[in-house]
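Residue numbers (the working numbering), protein chains in the order written: chain G, 1 to 693; chain R, 1001 to 1334; chain X, 2001 to 2166.
Errors might be hidden in some of the hints.
In silico DSBU-like cross-links for lysine-lysine, where the CA-CA straight-line distance does not exceed 30 angstroms [said to hold, decoys possible]: (1) K144/G - K524/G; (2) K308/G - K144/G; (3) K1039/R - K2015/X; (4) K546/G - K388/G; (5) K2015/X - K1002/R.
The set of hints was computed from the structure by calculation and includes no laboratory data.
Everything numeric in this text was worked out from a predicted model, so none of it was measured.
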Amino acid sequence: MTDQLTPNAIGRDVARADGPLKVLGAAPYAYDQPLTDPLYLCTVDATVVRGRVAGVDASAALAMDGVELVLTHENAPELSTEDGELRVLQSPEVHFRGQVVAAVVATTTEVAAAAAGAVVVTYDTEPFAVTAGSDPAGLHAPEKVNAGYPTDTDDGDLDAAVAAAAFTVDEEYTTARTHNNPLEPHTTVATWTGGDLHVFEASQSVFGARRVLAGVFGLDPERVRVTCPYVGGGFGSKGSPHAGAVVTVMAARMLPGRSVKFALTRRQMFRLVGYRPRMTQRVRLAAAPDGTLTGVGVDVVQESARIKEYAEQTAVAARMMYAAPNRRTSHRLALLDIPVPTWMRAPGEAPGMFALETAIDELAARVGIDPIALRVRNEPERDPATGKPFSSRHLVDCLHEGADRFGWYDRDPRPRSRRVNGWLVGYGVAASTYPAYRMPANSAVVRYTADDRYRVEIGASDLGTGAWTALAQIAADALGVPQDSIDLAIGDTRLPRATVAGGSSGTASWGTAIVEAARAFRDKFGRTPEPDDEVFADAPENTAAKDFALHGYGAQFAEVRVHEDTGEIRVPRLYGMFDAGRVINPRTARSQLVGGMTMGLSMALHEDSVMDTALGHTANPDLGEYHIAANADVHEIRADWLGIPDERLNPMGSKGIGEIGITGTAAAIANAAHHATGVRVRELPITLDKFLR
Amino acid sequence: MKPFAYRRATDARSAVATVAADPDAAFLAGGTNLVDHLKLGVACPSLLVDVSDLAADLVEHLPDGGLRIGAGTRNSDLAAHPVVRAHYPLLSEALLSGASGQLRNAATTAGNLLQRTRCGYFRDATAPCNKREPGSGCPAVAGHNRHHAILGASPDCVATHPSDLAAAMVALDATAVVLGPDGERRVPIGGLYRLPGDDPTRDTVLAHGELITAVELPAPFGGRARYRKVRDRASFAFALVSVAAAVRMHDGVVEDLRLVFGGLAHRPWRAAHAEDALRGSAPTEVALRAAADAELLDARTLSGNGFKVPLARNTLVSVLRELTDGAAEPEDDA
Amino acid sequence: MEADITLRVDGEDRKVTVDTRTTLLDALRDRLGVTAPKKGCDHGQCGSCTVLVDGRRVVSCLSLAVARDGAEVTTAAGLADADGPHPVQRAFVANDALQCGFCTPGQVCSAVGVLAEVKAGWPSAVTEGDAAPELTDAEVRERMSGNLCRCGAYPGIVAAIREVGA
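Input sequences plus hints: build the corresponding full structure.
Right, here's the structure in full:
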């Protein structure tokens, strides 16, 4: 158990602290920082998939008024990294279509864009492979998968369990290539002064960005400052800098004293910042006559980049969700000539829970029992993956409570049993889960300024999560003062070190450091400090992770309508009930959960990055053709929580909520669509053509 | 974007003369299509002649009971115009199903009609495209062609025309008033658009420098009309299939009708076969399906757009069912 | 090619030299330092750059600045008056109609436009018949669909706009 905060500010429904600034458009994002005579960068991107740059003719570009620099592999500074994604302009090699092969810096964006268009690049091309199955080299087993999980697991004898089972499911599920597409494009503004680098970087982690950029440029991290108080979304892609940041810093290094600005175009957002790779999962379930699972198997084949491996931990959720003595999972990669994938909201769980939870629904139908009852029947006592006890696990409560609030039992379980005004109506359910991470290496400073005000510093990031608000609430309770006594500072490497706003770990990780510092402050200075009294503290070790399995849970319910004539699919209702520990701020938490579910709806119905196999790049790289859910696609979406603190996790008793909302949503919608129509869709997105006859 | 000169036109004749005389000149109105294409490198004019100030935003009654719509009338104004809403609701529905509120506030009537056909490869200046670079090839034929044509396409181009307004205008038998260097001519909207054939570079029959100054609608068709748009999002998306339909019934029989498909071809597709099949018939479910099938008999599908055949058929049947008083409406059971 | 234009931005006359290629959005952001409107896609597909031009909501990324010479432009920064933020802006905060905030300046400008359009009786794709539209959830959703929000704040956005329009 950790020593819990006495909730006073936390748990309170207070408005988002940064809201007033944001509605006025006054929050300064990375590109909005006022600068003197900045320069603008525009890249030249490869128009071939694989090969070498044979020549670059920049003469026309250099002749344009206002062009300050053309950067190519011939004049680019040498970088000290072996990272295939970040080795920008280090060789003439082209590894994917859209790779940066040159960059232009000019006095205006118009001139920079025109000059970039005037740079003539010629190529020698080589054969390429851009889709799984087309690569003659076959599949590759990564050493481990994202977040450090083992690539494969094998417990018991899955094949025997399947052979002996009364009921089985053995199906393939495919999830599309999807792109984070935060509305704020990735942006870097870099200035070198002497040997010091200052970067405004749209980032989920200023310290992570500093570490990466210092490494790439061979600098002492102390000479690099990264600032980012406001981030226009990221959902993982801004977890670490990408090629755009490197090329901008590189250009700025060649133009010392000048600030160089670069915001990616939306098209570049489809190739230069990572994405969730397309993958196929073969799911095998084996069950006894009453639905008790005897076997669970998930074999994942996903696409990744030849120049930098990324293996999403897709099968990991299936290792711990349900009790089954025989379990086998694997991850394999097709390494291709494609852009480098990366984290996108709930990497692993988002696609993994689509497949697993759709398969569970299919099993329930075959066994002939309610899908909630099937899940309850297979609730494990201890974590099947590690054998550890759960710190807390309230999945069954989420299912039952959610079912009541949604009105689940109103449904006639037979598919295609309800029709309203030409629309077939169905209900579906799926479970959600996401690990409750807390990262090491977080520190905070608490300083008494004067007049009952405390300054709390930590280099955290708020990409829309509500950290500006929640951390102030935590600090207030840790110091035993009202929330408005707290002046919070985040988003700068001049502040104490902090880990990434990712893995749904931010509030737990940063909050623990703040609580530690606040308690140390009170221990040292008591209730009546003097101005400038200050304490720095490191967050304590996460001992719970050694002894317990730490996860959040949820149950999501969908009502889906499919038009009988056209196959159009709508989701009039989504409801989520979550086991999220103690909720720090109900208002911002609800927005996070609803936002995750909305992205889950978008994943379910819309998002599909189509690879053109002849051209070797995404054929629909803009927001007109790569659809994300628009306002009219989102009807009633509600999220609630059980509100049971997990006191083992952190002093707040909280579990992360940034990602769990997207897990299971697509399965709930696919299951509801099946209930509505009798059509089982196993390939996302669920578009109208899948229902047409 | 390559540099260009900008001129604001003060009268239509000189605007036409300027653009007609310069093969690299283009008209600019609302800009929602052209500025997009300038940024993409799809359009590279050296001179823009802005026709926004030509006071062509009047909507006036015509002596024959029709309506004259100034070419510069913004989409949102036209959709909200009381006469349009009351007597040409098809037009209003079509406009409102297109784009977004912000785009409709900028886009003009003629600009909407003259927006280019839509295809991701056309918009990608790094890809081959016969429309953008004649002879370079058409990657859509074997590529991503979910949105592409199933009617009237050619091996050189399978793009579709995205204008909802155009489909409605064809159904309404509208006529474009076109000013050219040699004077004015009238072009029925039904004949304004081309099929790609072996020259997909041209979307319409207009010559360079010709300017649509107005669109004229005949007196209302009467009966009931509906614009139904089926797309991948509930709003703000291009049509996969749309149907502009107007039907006049008499004694349980279809007296007359106009049917136009959007999203299926390089131009709005007048479904003349379906019209002929239904004119004078009772609109039974069987008759509606047969009419739709007759129209789609010549459909040629690609790897990713085969669903458009049943979708077009079902959408047409669904709309006609509604407009003919639900002759064969399926019953609710909940 | 350059052009000298005047824009009235958030109530203030601003003279600025632009390239004929400069969009209204880039003129505001890069040349005038008015960074309230955001560049999310630069192709009219996301709505983050929405401003009011002569009272109407438009996407500033698809408008050439030179073609807007003399126009009155209102950004999210200019919606506030002496009494503080615009009611729409206050309702956005109260309903947590934002998360990252990047689309928000465009959302609030669009919302102000929507309220005016509904007041003027303009229909939308979901308005039934030729009656005057009412500010239902469905109406707000349809009318606001030109403003994408990746964080998924749509329910709050709808609630905020209905609250102000009520």
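Hints, one by one, checked against the model:
1. The hinted pair formed by K144/G and K524/G fails the criterion: a straight-line CA distance of about 44 angstroms is larger than 30 angstroms.
2. Straight-line distance between C-alpha atoms of K308/G and K144/G comes to about 14 angstroms, which keeps the hinted pair within the 30 angstroms bound.
3. Straight-line distance between C-alpha atoms of K1039/R and K2015/X comes to about 25 angstroms, which keeps the hinted pair within the 30 angstroms bound.
4. For the proposed pair K546/G and K388/G, the alpha carbon gap of about 9 angstroms is at most 30 angstroms, so the pair holds.
5. A threshold of 30 angstroms between alpha carbons decides the hint, and for K2015/X with K1002/R the separation of about 24 angstroms falls inside it, so the pair holds.
The structure is inconsistent with hint 1 alone, although it conforms to all the rest.
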